[in-house]
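Protein chains in written order, with my numbering: chain A, 1 to 476; chain B, 1 to 476.
Hints listed in this document are in silico derivations from the structure and should not be mistaken for laboratory results. C-beta: ideal position from N, C-alpha, C; glycine also. One should not assume that every hint holds.
[Unchecked claim] If the Cβ cut is set under 10 Å, some of the chain A residues that face chain B in the computed set are: (1) 281; (2) 313; (3) 321; (4) 356.
Protein chains: 2
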Amino acid sequence: MNLKRTLTAAAAGLGLLLPTITLAAEHATEAAPESGHGNQAITLIFFLFVMLMFARIGTLMERIGQPAVLGELLMGVLLGALAFIPGLGFIDGLKGQEFITLVAELGVIILLFRTGLESNLREMKSIGVKAVLVAVVGVVLPFVGGYFVSKLLIPGLESNTYLFIGATLTATSVGITARVFKDLKVLATKEAQIVLGAAVFDDILGLLILAVVSGIVSGGHVSVGEIVWISAKAFIFLIVSIALGQLLAKRIGRLFSRIHSGIGMKMALALLFCGIYSYGAAVLAGLAPIVGAFAAGLVLDPLHFNDFVAPALVGKLRNWTDRLKGADPEIAEVKKEMIEEARHEERMHVENLIEQIGWFFMPIFFVYTGMQVNLETFLNPKVLGIGLIITAVAFIGKIATGWVVGRGLNHAMIGFGMIPRGEVGLIFANVGKQLGVVSDETFSIVVIMVILSTLLTPPILGVIIKRQNQQMAAAA
Amino acid sequence: MNLKRTLTAAAAGLGLLLPTITLAAEHATEAAPESGHGNQAITLIFFLFVMLMFARIGTLMERIGQPAVLGELLMGVLLGALAFIPGLGFIDGLKGQEFITLVAELGVIILLFRTGLESNLREMKSIGVKAVLVAVVGVVLPFVGGYFVSKLLIPGLESNTYLFIGATLTATSVGITARVFKDLKVLATKEAQIVLGAAVFDDILGLLILAVVSGIVSGGHVSVGEIVWISAKAFIFLIVSIALGQLLAKRIGRLFSRIHSGIGMKMALALLFCGIYSYGAAVLAGLAPIVGAFAAGLVLDPLHFNDFVAPALVGKLRNWTDRLKGADPEIAEVKKEMIEEARHEERMHVENLIEQIGWFFMPIFFVYTGMQVNLETFLNPKVLGIGLIITAVAFIGKIATGWVVGRGLNHAMIGFGMIPRGEVGLIFANVGKQLGVVSDETFSIVVIMVILSTLLTPPILGVIIKRQNQQMAAAA
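Isolated chain A, as found in the complex (with noise of 0.2 Å):
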């Protein structure tokens, strides 16, 4: 299909869409009394689906080859800047709504899941000592690198404050990455698998760096003791949680499928385990939820559903092809097609029941992520120009922990594919601000390097894998 019909199809589709959405002004937070029915709850869920087409809108980045996610993060900035127009100002009430951004959360912890499913826990293990290596290096790296370039580039602040600009730097984001290797299809590589595993202990580090600063910040020193407990909880967590669950998801299975054996129970089933993980590791260990959210999807595998029934399609797939007979070579190939189609349908089902909720919830999180991105932020030409600095510190420090793994592998996406930076980081700069080492200008400086790592990093991942699928055909 022509890419300019595409285009002016696009614009006519927003076209429709902005007057909706001008609709809705002003009713965001006001409900008519006269008629029974309060309108702000329609109204955010109205939101809601306008979010959901933008993200399909964006998809269109695939046309240029570059990764759905880019489109679905630019569409979302796109949004968050109709606020600036006159009219649509409630946009900006709209953008931090908690269920707005509950729904987000209920999509990365999705994603996270659906991503552990199609990971593979003997692999992981396998690649356990690089990604450990990915994850210190990445950590330490950027973190000793933050400190000492915001020393040089701000200097005069207490040294507590380029501390914290350091710790901000640490934290990879693991969602945006997921998603690019998922877009594009080299999610069950090696350096993907890496790239997964490091963000865990990745995350496990952040705890630790946040809470020597912390004490360091407020104290004046560092409870050993303390640091000692927040890694045991979290080792401790993802240890006993993988190896109970290993131990236990085939039994809870065949428990809650003989209350029920159909395809709900399973999704249900599969999501309640997604829960109790997340939970368990925000919870008791202080670990983010998608952490959590990914080791569950580690654990379950499809055999641990096999008492549920199978899918209706495959009932009549193994119907027909018992009836089909006969020596014609073609029925049989045909009959070989049908019989794989039946198993790939019935191994996959778990998959695909996270997969078509996923539908819906994992879009929103990105338009939601590109929604959070302050334009604004960008008008200070200092605070533009150190943030564009400590932003390529940031790059920098992680695209170094690609060469630390060893020969045969693309180190540039293992490095790349660590380079975003999400809400963790954020997270750090607020109990900074709170401990009044952090100051506006500080923040926006982390804010710009967390807009610029979510947002070149899909279409870099995207040109580092087009390259390499590229060698692999010209090798062969």
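Knowing the structure of chain A, use the given hints to seat chain B on it.
Just chain B now, kept in the frame of chain A:
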């Protein structure tokens, strides 16, 4: 499968669930400051997954021949009642959270949208007069009955209070009935369509009644102009939106299919359509959002999505059928079935997509509804007694509507289908409370009526529809 074994499994399943809920205690509203991640978000998301599992366990009801929705409601009541157990009191705090409420609202919007998709506009027009008749009778009888019976039972209040009690009995909450009809596979019957149509008019009449009663209470008089304006807005919205939809849906579908013709875009477009109608119904016409969602479903037809690519399976099935050749009659039969399946898949595709995300959202609505049941209301004998009598009035007033539609229809199915009252009645009672004419006791009476009409309708409809099926089987 053995029912006893199933129940044992269910009890064991619940036994596994409870400790995980208890874990959530006290974490619901506090964030762990040392963790770097707030815990409120993941607690709410986890609770949503717990609600989903409760819903699935509730589907056990199907084993004893009851609609699954009854089980979902009762499991919601159970989940709400768990708050009485020491240590689980935090559940009370969770059930009122905006996030949970909005996900439930999204669930009922998707339910009515899907119900509209399965209904047919032409069929709807053919039963229009009957639906209006059912709606009018079903509003007038409970209103008049409620007024006089409450005057008799609780003498000495100002007459405005009796007006308000009457008003709370008028509006049918169609979600429960739509779900029961769906569970029992009678959504396509004339009776079901009449109930759905009547519920739309019902909502308009409810608006008028609230305006009239509020006018009488606050100003002592009713503005005729206002009444005309309220009804005009509602009717004009429905007529214009349905007409516009029929005119434009196909073109809009074609436009958006040019941006992206994939399945994700198809779903996003259908949901956006639903969102615009629901939002318009609420904001422009003062109607319930679900009325708009139902209208959106009525307007949309699979034909409007012809320009999108078919699901991958359809392509596979077509490929296989093309390749299967030979004179064997069994092969011809298999081919025929496969072609039928492909056609069915393609036609049902929008409905299936909505169904897939409905799987997640719809059960949440019913568990949520069950959770709102306040069992303490039943503890005051006087309130309970009056509540039961008012409930009887509410039942009789709607049951009678089944007999105004003429011959050849299952009167009981229509009459009992109109019984459920929901949030609209409670909103009316709230307005009365704000105007100072509805006391706490009167409010509890309304709550009892809403609870009983919600919980008793599914089993009663189950019996009615089962008996009809038996009669038809006997006649055949």
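Verification of the hints:
{"no.": "1", "hint": "281", "result": "holds (8 Å)"}
{"no.": "2", "hint": "313", "result": "holds (7 Å)"}
{"no.": "3", "hint": "321", "result": "holds (9 Å)"}
{"no.": "4", "hint": "356", "result": "holds (4 Å)"}
Comparing the model with each earlier hint shows no violations; every hint is respected.
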